[in-house]
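J.: Working from the sequences, and respecting the hints, build out all of it.
Start counting the sequence shown at 17; every next residue gets the next number (the numbering used here).
Don't read these hints as lab results, they were simulated from the structure.
Quick caveat: nothing in here was measured; it's all calculated off a predicted structure.
Glycine included, every Cβ here is placed at the ideal spot set by N, Cα and C.
There are no misleading hints in this set.
Here are the simulated distance ranges between beta carbons:
hint, residue 1, residue 2, range
1, I46, Q20, 16 to 24 Å
2, E45, D66, 24 to 32 Å
3, M52, G76, 13 to 21 Å
4, D47, K75, 17 to 25 Å
5, D72, G35, 24 to 32 Å
6, E48, A86, 17 to 25 Å
7, E34, D72, 24 to 32 Å
8, D28, D82, 16 to 24 Å
9, E45, A86, 15 to 23 Å
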Amino acid sequence: MDTQEKIALIEDTLDLDEGTLTPETVLAEIDEYDSMAKLSLIVMADDEFDITLTSDVIKGFVTVDDILKALD
Numbered sequence: 017m018d019t020q021e022k023i024a025l026i027e028d029t030l031d032l033d034e035g036t037l038t039p040e041t042v043l044a045e046i047d048e049y050d051s052m053a054k055l056s057l058i059v060m061a062d063d064e065f066d067i068t069l070t071s072d073v074i075k076g077f078v079t080v081d082d083i084l085k086a087l088d
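T.: Following this line, the structure appears as structure tokens:
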């Protein structure tokens, strides 16, 4: 899965319009990035990538690129 496909998956997970996010997008500036979105990211990472994201890992996310790196 390439970067754009991962970004599209993150947009879908956060219920954002396609094309909303870039790797440089700051998560704190996204209204939809709340506790429920973080839980959705945990589920998506497990379902799509078989990766377990802990709350400590998610707390360290600052930009979309941080999420992308965790999904590699």
